Amino acid sequence: NAGVTQTPKFQVLKTGQSMTLQCAQDMNHEYMSWYRQDPGMGLRLIHYSVGAGITDQGEVPNGYNVSRSTTEDFPLRLLSAAPSQTSVYFCASSSRTADTQYFGPGTRLTVL
Amino acid sequence: DQQVKQNSPSLSVQEGRISILNCDYTNSMFDYFLWYKKYPAEGPTFLISISSIKDKNEDGRFTVFLNKSAKHLSLHIVPSQPGDSAVYFCAAKPLRGANSKLTFGKGITLSVRP
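Top line first, the protein sequences correspond to chains V and Z. Residues 1 to 112, numbered by my numbering, are exactly what the first sequence covers, in order. Residues 1 to 114, numbered by my numbering, are exactly what the second sequence covers, in order.
Fair warning: there could be bad hints in the mix.
[Unchecked claim] Residues from chain V that keep clear of chain Z, each with C-beta distances beyond 12 Å, as calculated:
| id | residue |
| --- | --- |
| 1 | 14 |
| 2 | 37 |
| 3 | 56 |
| 4 | 78 |
| 5 | 88 |
| 6 | 100 |
| 7 | 109 |
[What the hints assert, rightly or not] No more than 20 Å apart at the CA atoms, straight line, and that leaves these computed lysine to aspartate or glutamate pairs for DMTMM-like:
| id | chain 1 | residue 1 | chain 2 | residue 2 |
| --- | --- | --- | --- | --- |
| 8 | Z | 37 | Z | 58 |
| 9 | Z | 56 | V | 72 |
| 10 | Z | 5 | V | 59 |
| 11 | Z | 5 | Z | 55 |
| 12 | V | 9 | V | 72 |
| 13 | Z | 68 | V | 59 |
| 14 | Z | 71 | Z | 55 |
| 15 | Z | 37 | V | 72 |
| 16 | Z | 56 | V | 59 |
I should point out that these hints are in silico values taken from the structure, not numbers from a laboratory. All of these numbers come straight from a predicted model, not from anything done at the bench. Every residue, glycine too, gets a C-beta built ideally from N, C-alpha and C.
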């Protein structure tokens, strides 16, 4: 049972490039979410999904797209990276009835 | 508008003593509160939680107190150990269940000195 996995661990992009941050969980959790952590800002919700085929925006969704075609995977897409998207990104999952979320190890993204 | 506030960015405590981490919230709709612990280069991990119908929840060395009238909660760690050195996030949600979104505070960096 690997829990929540994220790839890559580190990534450097140039302004305007696109990329996808991968997130997968093997716990059959319905709920998945993406957060970003910035210094002095805590964790802020980007997008979330309550099940396959259903996604919704969080607190800071601009510049990011998500899709949920399977229960296991919840990729986060940056269509045109900007320096303001330099951050550490965490994916999390939980079962529908649970209050606690399981977090992945994070992806550290730098946009130059 | 920050709905969950952790106003002290850091705390340093001697090993064996008590650590008290504070958290305030402004949204009266919050009904469930959680503490997460985060080590460098790792994701946050759940530590302890409390429902608004309680004023205290204890798990080993960790106790969370909730003062609903003051919209304040605190995490007590007794005795503190060097392995407790980490960033602690307070989080809150309006309803039980996964579909209720979590709002996090900015975090407190706890350093426990040997």
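These are the hints, each one checked on the structure:
Chain Z leaves residue 14 (chain V) outside its interface by the beta-carbon criterion, the shortest separation being 24 Å against a cut-off of 12 Å. Not every Cβ of chain Z is farther than 12 Å from the Cβ of residue 37 (chain V); the closest lies at roughly 9 Å, contradicting the non-interface assignment. Not every Cβ of chain Z is farther than 12 Å from the Cβ of residue 56 (chain V); the closest lies at roughly 9 Å, contradicting the non-interface assignment. For residue 78 (chain V), the requirement that its beta carbon stay farther than 12 Å from each beta carbon of chain Z is met, with the minimum near 20 Å.
Listed as a non-interface residue, residue 88 (chain V) fails to keep its Cβ farther than 12 Å from every Cβ of chain Z; the least gap is roughly 9 Å. Against the 12 Å criterion, residue 100 (chain V) falls within the reach of chain Z, whose nearest CB is about 4 Å from its own CB. Every CB of chain Z is more than 12 Å from the CB of residue 109 (chain V) (nearest about 14 Å), matching its label as outside the interface. Restraint check for residue 37 (chain Z) and residue 58 (chain Z): satisfied, since their Cα atoms lie roughly 16 Å apart, inside the 20 Å limit.
This hinted pair does not check out: residue 56 (chain Z) and residue 72 (chain V) have alpha carbons roughly 36 Å apart, beyond 20 Å. Proximity of residue 5 (chain Z) to residue 59 (chain V) is assessed by CA-CA distance (about 16 Å); at most 20 Å being required, the pair is judged to hold. Of the pairs offered as hints, the one joining residue 5 (chain Z) and residue 55 (chain Z) holds, with about 19 Å between alpha carbons and a cut-off of 20 Å not exceeded. Annotation: proposed proximity of residue 9 (chain V) to residue 72 (chain V) holds, straight-line Cα distance about 19 Å (limit 20 Å).
Proposed proximity of residue 68 (chain Z) and residue 59 (chain V) is contradicted: the alpha carbons are some 25 Å apart, above 20 Å. Only pairs whose Cα atoms come within 20 Å are accepted, and residue 71 (chain Z) paired with residue 55 (chain Z) is accepted, the gap being roughly 11 Å. For the suggested pair residue 37 (chain Z) and residue 72 (chain V), the alpha carbons sit about 25 Å apart, so the restraint of at most 20 Å is broken. For the hint pairing residue 56 (chain Z) with residue 59 (chain V), the CA-to-CA distance comes to about 30 Å; that exceeds 20 Å, so the pair is violated.
Of the hints listed earlier, those the structure fails to meet are numbers 2, 3, 5, 6, 9, 13, 15 and 16, in rising order.
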